[in-house]
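2 protein chains.
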Amino acid sequence: MKIAVDAMGGDFAPQEIVAGAVQAARKNLADIVLVGDEAKITDCLAKEKDWQTLSITIVHAGEVIGMDEHPAEAIRQKKDASVVVATKLVKDGKCDAVLSAGSTGAAVTAAQLILKRIKGVSRPAIATPMPTPEGVTLLLDSGANVDSKPEHLRESAIMGSIYAKAVLGKENPRVGLLNIGEEETKGNEQAKETYALLKDESAINFVGNAEGRDIPKGNFDVVVCDGFVGNVVLKFAEGLATTFMELIKEAVMDGGVSAKAGAFLLKPTLKKLGVRLDVDEYGGAPLLGVNGCTIISHGSSNAKSIENAIKAAGNYVHNNVLDAIAGHLTKEKSQEISASV
Amino acid sequence: MKIAVDAMGGDFAPQEIVAGAVQAARKNLADIVLVGDEAKITDCLAKEKDWQTLSITIVHAGEVIGMDEHPAEAIRQKKDASVVVATKLVKDGKCDAVLSAGSTGAAVTAAQLILKRIKGVSRPAIATPMPTPEGVTLLLDSGANVDSKPEHLRESAIMGSIYAKAVLGKENPRVGLLNIGEEETKGNEQAKETYALLKDESAINFVGNAEGRDIPKGNFDVVVCDGFVGNVVLKFAEGLATTFMELIKEAVMDGGVSAKAGAFLLKPTLKKLGVRLDVDEYGGAPLLGVNGCTIISHGSSNAKSIENAIKAAGNYVHNNVLDAIAGHLTKEKSQEISASV
Numbered sequence: 002m003k004i005a006v007d008a009m010g011g012d013f014a015p016q017e018i019v020a021g022a023v024q025a026a027r028k029n030l031a032d033i034v035l036v037g038d039e040a041k042i043t044d045c046l047a048k049e050k051d052w053q054t055l056s057i058t059i060v061h062a063g064e065v066i067g068m069d070e071h072p073a074e075a076i077r078q079k080k081d082a083s084v085v086v087a088t089k090l091v092k093d094g095k096c097d098a099v100l101s102a103g104s105t106g107a108a109v110t111a112a113q114l115i116l117k118r119i120k121g122v123s124r125p126a127i128a129t130p131m132p133t134p135e136g137v138t139l140l141l142d143s144g145a146n147v148d149s150k151p152e153h154l155r156e157s158a159i160m161g162s163i164y165a166k167a168v169l170g171k172e173n174p175r176v177g178l179l180n181i182g183e184e185e186t187k188g189n190e191q192a193k194e195t196y197a198l199l200k201d202e203s204a205i206n207f208v209g210n211a212e213g214r215d216i217p218k219g220n221f222d223v224v225v226c227d228g229f230v231g232n233v234v235l236k237f238a239e240g241l242a243t244t245f246m247e248l249i250k251e252a253v254m255d256g257g258v259s260a261k262a263g264a265f266l267l268k269p270t271l272k273k274l275g276v277r278l279d280v281d282e283y284g285g286a287p288l289l290g291v292n293g294c295t296i297i298s299h300g301s302s303n304a305k306s307i308e309n310a311i312k313a314a315g316n317y318v319h320n321n322v323l324d325a326i327a328g329h330l331t332k333e334k335s336q337e338i339s340a341s342v
Numbered sequence: 002m003k004i005a006v007d008a009m010g011g012d013f014a015p016q017e018i019v020a021g022a023v024q025a026a027r028k029n030l031a032d033i034v035l036v037g038d039e040a041k042i043t044d045c046l047a048k049e050k051d052w053q054t055l056s057i058t059i060v061h062a063g064e065v066i067g068m069d070e071h072p073a074e075a076i077r078q079k080k081d082a083s084v085v086v087a088t089k090l091v092k093d094g095k096c097d098a099v100l101s102a103g104s105t106g107a108a109v110t111a112a113q114l115i116l117k118r119i120k121g122v123s124r125p126a127i128a129t130p131m132p133t134p135e136g137v138t139l140l141l142d143s144g145a146n147v148d149s150k151p152e153h154l155r156e157s158a159i160m161g162s163i164y165a166k167a168v169l170g171k172e173n174p175r176v177g178l179l180n181i182g183e184e185e186t187k188g189n190e191q192a193k194e195t196y197a198l199l200k201d202e203s204a205i206n207f208v209g210n211a212e213g214r215d216i217p218k219g220n221f222d223v224v225v226c227d228g229f230v231g232n233v234v235l236k237f238a239e240g241l242a243t244t245f246m247e248l249i250k251e252a253v254m255d256g257g258v259s260a261k262a263g264a265f266l267l268k269p270t271l272k273k274l275g276v277r278l279d280v281d282e283y284g285g286a287p288l289l290g291v292n293g294c295t296i297i298s299h300g301s302s303n304a305k306s307i308e309n310a311i312k313a314a315g316n317y318v319h320n321n322v323l324d325a326i327a328g329h330l331t332k333e334k335s336q337e338i339s340a341s342v
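Top line first, the protein sequences correspond to chains X and B.
Counting from 1, position 293 in the first sequence corresponds to residue 294 in my numbering; the numbering is continuous, with no gaps.
Counting from 1, position 300 in the second sequence corresponds to residue 301 in my numbering; the numbering is continuous, with no gaps.
Bear in mind the hints are in silico, worked out from the structure with no lab data behind them.
Careful, some of the hints might be misleading.
One copy or any two copies: either way a pair holds, since identical chains are not told apart in the list.
Only pairs whose alpha carbons sit at most 30 angstroms apart, straight line, appear in this in silico DSS-like list of lysine-lysine [to be verified]: (1) Lys187 with Lys92; (2) Lys332 with Lys171; (3) Lys334 with Lys89; (4) Lys79 with Lys187; (5) Lys187 with Lys89; (6) Lys95 with Lys48; (7) Lys41 with Lys28; (8) Lys272 with Lys250; (9) Lys272 with Lys261; (10) Lys250 with Lys261; (11) Lys193 with Lys79; (12) Lys3 with Lys41; (13) Lys3 with Lys92; (14) Lys187 with Lys80; (15) Lys171 with Lys250; (16) Lys41 with Lys95; (17) Lys120 with Lys187; (18) Lys117 with Lys187; (19) Lys166 with Lys117; (20) Lys250 with Lys305; (21) Lys272 with Lys218; (22) Lys218 with Lys268; (23) Lys218 with Lys273; (24) Lys48 with Lys305.
All chains, please: the whole structure from these sequences, using the hints.
Right under this line is the structure:
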């Protein structure tokens, strides 16, 4: 198992990315290929005394795609960008997976242009694991596409289901369609048409409509939606969590001695709870539907989340998610074509 | 100021609704007309010893619209439903505002059918105040409409701006368009076309695109979106907040003596913080764009949120939100018509 890590992508790159990769290598989660500015990567590695005893190599890439660049243009112009070089390593069979915490748009576009879509998949989807009390709910698409057609959402439901089963260990994943009410007749045109498709889809365990509140409660294993809605929800969750933690800290600081003592006594309990709800625990979101494993990590990824994303990449590859998706959607496509001939 | 309160709507109706109305009457926030099953309302009032000294009257309504009923059908069939009777009191000029914590769909439909739209408004919108560290962000539409056209969102931006200024005391409300990126070119077709409209709209202070995280952070005063997205976000926020509180309680219970002591010491601090973030503090969401004040309260409203919703209704009426909206959008419409003649 060899994983190409975009060392230059992310708010805390390259230091935290390299540190996470080293941690993963120490645990033998995978062989690591760090892709990016060789001098900078070497500097970061110098802080990790044992790195030369680990399975870590460097592939130099002289350019970086910034968060504010237009993804498609940047990918075309910067042939030597770290995310491009890393994705090509997968295309060329030199690595099994690519991981980036840089611009999501750039990682998605690189995957679409270089790895290409799996035959039978109209649109790849980002599947983000959202923490719940009992584990995670997979939310897809969380930002690869907007203005999706019902057929795209049906494919997402199948891909999400396959991933939840293969990687998240859900036996018969409960699939929900994100909507504004439980009833079949609720929602916008997209949701109503998608409901009809999912209801008749034998490849998934479609339970019905999921409302916003069902995501954090964990009432479904897979929640399918348009990438516009998924992306808004994902960023809203991040914003709410950070705002809430800041307010609690502020309140404790302003709360006098007893509040500070209380916070001190509660700390271990909240820490344990934090681990359960920590997005870093789940590391990365796979881009499902492209010909190769691309894992997208949060921009604010620290070493721990990179380590966990590497673990996720390993699980994706080990459990043959790619073959399972192709086995279903490519086969379906071929049958359609032969039926129409 | 006379406010018709749907006593039968809400998870804790009629008891909590009546209790909230009584609290509001005690504070002279408004004269209250409780609408619903007279016997049940009288029973609830019997628990409030001073109620006969307060300005509270009862208007009997023999039917109730359930949460699972189809709004338009139910409104047509149940002429004597509490929300219908209460809305008619506004239509007939007997009350200044109507308030319901029952089915949102029913309250919206009743308002649309009975009060009708303000001339120049294509689609009314629910404007929900979302708590932020510094106050609230008004999110609209949060569920009255789906598949909105850019023009509908432009009207929402104007109405939300007027409400934020008149009722929430924001001098020059910062208006944002909910989107998946900051750049003008980001988003789905609806968002891109709406951006162009809002950019050129001199009646509002359009700041640009808002991302999901900007809502809880309070980076905008008014955030405009399609009702599908707004409703998903609203319910997601509710689900996340309740799940988080349940998990904290559970963690404290499992955390032994020190966790319990810590929680005890922290309680006053968290309580103060809770007040800042409590949706009940903001009581209700106005349905903007209909000819009369309709305030929609959360289904799980308790007495406190009903009292605050009555306060919100009073502010709406007192600050002439209706005239301000008509003054802008009806006037705009007439100018368009006269220009085209």
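Fill in: Non-conforming hints, listed in increasing numerical order
none
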